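*Asks:* The primary structure of each chain is shown beneath.
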Amino acid sequence: MNTFTIFTNFINPPVSFFFLGLLAAYVKSDLEIPQPIAKFISLYLLMAIGFKGGYELHHSGFTMHVILTMLAALIMAIVVPIYSFFILKRKLDVKNAGALAACFGSVSVVTFIAAGSLLKMHMIEYGGEMVAALAIMESPAIIIGVWLIRKYDSSEHDEHHTMKEIFQEAFFNGSIMVLVGSLLIGYFSNEKGMTILSPFTEDLFKGMLSFFLLDMGVVAGKRMKPLLEQGKFLISFGILMPILNAFVGIGISNLLGLPVGDSFMFTVLCASASYVAVPAAMRIAVPEANPGIYIPMALAITFPFNITIGMPFYLYLIEKVF
Amino acid sequence: MKKLEIIIDYVILNKLLQKLDELKVEGYSVIKDVMGKGSQGNRDGHGLMAGFKNCYIMLIVKEHELEGIINGVNPLIKSFGGMCVVTNVEKFVSRD
Numbered sequence: 000m001n002t003f004t005i006f007t008n009f010i011n012p013p014v015s016f017f018f019l020g021l022l023a024a025y026v027k028s029d030l031e032i033p034q035p036i037a038k039f040i041s042l043y044l045l046m047a048i049g050f051k052g053g054y055e056l057h058h059s060g061f062t063m064h065v066i067l068t069m070l071a072a073l074i075m076a077i078v079v080p081i082y083s084f085f086i087l088k089r090k091l092d093v094k095n096a097g098a099l100a101a102c103f104g105s106v107s108v109v110t111f112i113a114a115g116s117l118l119k120m121h122m123i124e125y126g127g128e129m130v131a132a133l134a135i136m137e138s139p140a141i142i143i144g145v146w147l148i149r150k151y152d153s154s155e156h157d158e159h160h161t162m163k164e165i166f167q168e169a170f171f172n173g174s175i176m177v178l179v180g181s182l183l184i185g186y187f188s189n190e191k192g193m194t195i196l197s198p199f200t201e202d203l204f205k206g207m208l209s210f211f212l213l214d215m216g217v218v219a220g221k222r223m224k225p226l227l228e229q230g231k232f233l234i235s236f237g238i239l240m241p242i243l244n245a246f247v248g249i250g251i252s253n254l255l256g257l258p259v260g261d262s263f264m265f266t267v268l269c270a271s272a273s274y275v276a277v278p279a280a281m282r283i284a285v286p287e288a289n290p291g292i293y294i295p296m297a298l299a300i301t302f303p304f305n306i307t308i309g310m311p312f313y314l315y316l317i318e319k320v321f
Numbered sequence: 000m001k002k003l004e005i006i007i008d009y010v011i012l013n014k015l016l017q018k019l020d021e022l023k024v025e026g027y028s029v030i031k032d033v034m035g036k037g038s039q040g041n042r043d044g045h046g047l048m049a050g051f052k053n054c055y056i057m058l059i060v061k062e063h064e065l066e067g068i069i070n071g072v073n074p075l076i077k078s079f080g081g082m083c084v085v086t087n088v089e090k091f092v093s094r095d
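Heads up: the protein sequence lines correspond to chains A and B, in order. When the letters of the first sequence are read in order and numbered with numbering that gives the first Met the number 0, they come out as residues 0 to 321. When the letters of the second sequence are read in order and numbered with numbering that gives the first Met the number 0, they come out as residues 0 to 95.
Quick caveat, the hints were computed from the structure, so don't treat them as lab data. Heads up, a few of these hints could be off.
[Stated by the list, open to error] Mimicking DSSO-like on lysine-lysine, the simulated pairs with C-alpha atoms at most 27 Å apart in a straight line are:
#1 K88(A) x K77(B)
#2 K52(B) x K27(A)
#3 K2(B) x K52(B)
#4 K163(A) x K23(B)
#5 K90(B) x K36(B)
#6 K61(B) x K23(B)
#7 K150(A) x K90(A)
#8 K14(B) x K150(A)
#9 K27(A) x K36(B)
#10 K90(B) x K38(A)
#11 K61(B) x K14(B)
#12 K77(B) x K163(A)
#13 K52(B) x K38(A)
#14 K31(B) x K27(A)
#15 K18(B) x K163(A)
[Said to hold, decoys possible] Partner residues aside, some chain B positions facing chain A, computed with beta carbon under 10 Å:
#16 K14
#17 G40
#18 E62
#19 S78
#20 G80
[Claimed, not checked] Restraint ranges, calculated between C-beta atoms of paired labels, are given here:
#21 E66(B) x K90(A): 49 to 59 Å
#22 R94(B) x P198(A): 46 to 56 Å
#23 L16(B) x H64(A): 46 to 56 Å
#24 F85(A) x G35(B): 33 to 43 Å
#25 K163(A) x V33(B): 54 to 64 Å
Just so it is clear, the structure is predicted and the values come from calculations on it, not from any experiment. Built from N, CA and C at the ideal position, the CB exists for glycine as well.
For reference, chain A alone in the conformation it holds in the complex (with noise of 0.2 Å):
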């Protein structure tokens, strides 16, 4: 990887606007995105790489090789946690164990989107099974973390929230509601279906992506500096667990013979930090864990080191392996 290939990622427009964001947030601009247009734009995002995945995956169909990738995000997505517990668990008490190693557990939709906008500028495909993989990734982290808290945690804490209901935010959310529905929709759709709807998934795409980013440069700068408060570890761990979760993403790619494109992809889900789904889950769950910990880990270092570095050396890594 040279300074070159970092460079590219950096002038490619959603990441800079990133950095315009983040820039605002240093220098206390006023600038702001009103969170109904944010929360519209991410909803966009959704709907968009949801029907692209799923028409791709009518495509190339349920091969092996769709199943097996399903199947180890599955798997990723219920190891990820556990070890994570483990490692945090020795700094931290296990209501922040758990929270955290849930956000790390999960995935970023923001950072796999920019990941396929980073795998466009280098003209490679991935396939539509890496979004059903996203769709997969999503909540099974959730349930791993309050499992793991309840059966560590042996303070008394009043449950406010069963089983029953953290499942249904887990796997009922906003954000799975409108991914999986939308991958149906395009599976089912087509070419007639892609043809309707091109113009808004495709043609508006990176311009949404990209003032998705500016708005998430501001929030991620404002949440930066309370986090920086915090300590040494919190600050390793959001840097170092994406690429150990990196190099296990690419040995499994390997193992199950993935082709660049989707092992980039998988590379990525495995090594980003949920902010959005998985710290409402676990604000409902474990209400004793505090967000400003958990949000602001995966927003402030892990979204922002995996879009800057962490992409183009995954990448390098990928493309010297395979």
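Position chain B against the provided structure of chain A, taking the given hints into account.
*Replies:* What follows is chain B alone, placed relative to chain A:
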């Protein structure tokens, strides 16, 4: 009559409203997206996850209903943060 003003984490709003329904509360008003600062730190409302914003619920109840509602709301406030303020209502106009 008493006026209750509750400020609580947005993520727990549905649970609180469910509790109020169980307590047979006839009506309430809700303002979403409330910012502020308190025991849970700075609730600036930024970000897609609702973990950094509050909501405001206002309801008018009869005096004998007050204790049951406070007993229902109290555990949520103890776990998630927030507050509940009770004041006397001098005059109340409604359709009923």
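*Asks:* Would you mind marking each hint as holding or not holding in the structure?
*Replies:* Going through the hints against the structure:
no. : hint                         : result
1   : K88(A) x K77(B)              : holds, 25 Å
2   : K52(B) x K27(A)              : holds, 20 Å
3   : K2(B) x K52(B)               : holds, 23 Å
4   : K163(A) x K23(B)             : holds, 24 Å
5   : K90(B) x K36(B)              : violated, 31 Å
6   : K61(B) x K23(B)              : holds, 12 Å
7   : K150(A) x K90(A)             : holds, 18 Å
8   : K14(B) x K150(A)             : holds, 24 Å
9   : K27(A) x K36(B)              : holds, 19 Å
10  : K90(B) x K38(A)              : violated, 40 Å
11  : K61(B) x K14(B)              : holds, 22 Å
12  : K77(B) x K163(A)             : holds, 23 Å
13  : K52(B) x K38(A)              : holds, 15 Å
14  : K31(B) x K27(A)              : holds, 26 Å
15  : K18(B) x K163(A)             : holds, 17 Å
16  : K14                          : holds, 6 Å
17  : G40                          : holds, 5 Å
18  : E62                          : violated, 27 Å
19  : S78                          : holds, 4 Å
20  : G80                          : holds, 8 Å
21  : E66(B) x K90(A): 49 to 59 Å  : violated, 43 Å
22  : R94(B) x P198(A): 46 to 56 Å : holds, 49 Å
23  : L16(B) x H64(A): 46 to 56 Å  : holds, 47 Å
24  : F85(A) x G35(B): 33 to 43 Å  : holds, 37 Å
25  : K163(A) x V33(B): 54 to 64 Å : violated, 29 Å
The structure does not agree with the numbered hints 5, 10, 18, 21, 25 stated previously, though it agrees with the rest.
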